[in-house]
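**Q** Below are the chains, spelled out letter by letter.
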Amino acid sequence: AQTVTQSQPEMSVQEAETVTLSCTYDTSESDYYLFWYKQPPSRQMILVIRQEAYKQQNATENRFSVNFQKAAKSFSLKISDSQLGDAAMYFCAYRSAGSSNYKLTFGKGTLLTVNP
Amino acid sequence: DAGVIQSPRHEVTEMGQEVTLRCKPISGHNSLFWYRQTMMRGLELLIYFNNNVPIDDSGMPEDRFSAKMPNASFSTLKIQPSEPRDSAVYFCASTLRRGGRWDQPQHFGDGTRLSIL
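Which chain is which? The protein sequence lines are A and B, in order. For the first sequence, our numbering begins at 1 and goes up steadily by one. For the second sequence, our numbering begins at 1 and goes up steadily by one.
Just chain A, with the same shape it has in the complex (with noise of 0.2 angstroms):
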């Protein structure tokens, strides 16, 4: 079964700085989609950003990147720029792209503090 983890279960960043957020997942499959959701306060699932696993550019959104590395597979969120409404909770899900597996793994969450 695949697994997602996340170690760090909070974090900080002072506003308009840079922070990363880490994610690793276990899989013996070669076709894959990876996510990062976020949840503010208002407990939304919002997603941020997604990354193919065949594709080897790294996906991009607005402030929001990752660092997909397949090798060793990791999945990490770039947030650039850091504003009071990044503020939440990052969930980094995992779910195969076989016709069979609909799942969706989500690791156990990173609460993001940004500081004025």
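To be clear, the hints were calculated from the coordinates, so they are not data collected in a lab. Remember, it's a predicted structure, so these values are computed and weren't measured experimentally. All clues given are correct.
Derived DSBU-like pairs: lysine-lysine, alpha-carbon spacing no greater than 30 angstroms straight-line:
no., chain 1, residue 1, chain 2, residue 2
1, A, 108, B, 24
2, B, 24, A, 103
3, A, 55, A, 108
Covered stretches of chain A, as calculated for chain B (at least 3 residues, CB under 8 angstroms):
no., stretch
4, 43-50
5, 89-96
6, 102-112
Just so you know, even glycine gets a beta-carbon here, dropped at the ideal spot from N, CA and C.
Fit chain B to the given chain A structure using the hints.
**A** Relative to chain A, chain B alone:
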């Protein structure tokens, strides 16, 4: 475009009462998921529907929980009778499965915070 819509946003009820949570998936999506989130267990998949048919309900905790999807635009999760340990945030999520491939992300609703007294 409207996202996944869940209701109610909050539900507080007494132990033993029936609770019904509702979900409207994104139009055009053919797959729907119910999750439960607690501090202890994180996000757990309860049940998965594809084209309105329940495919995997192995995550449903016990017979007190049931879920239905009568049509492509509506699903319910029912707990009867409810117990204090059912208190959690319940999320509904939907996605589009294309050609047997899971290449689209799941989009979540805002969740229902359920408190059983």
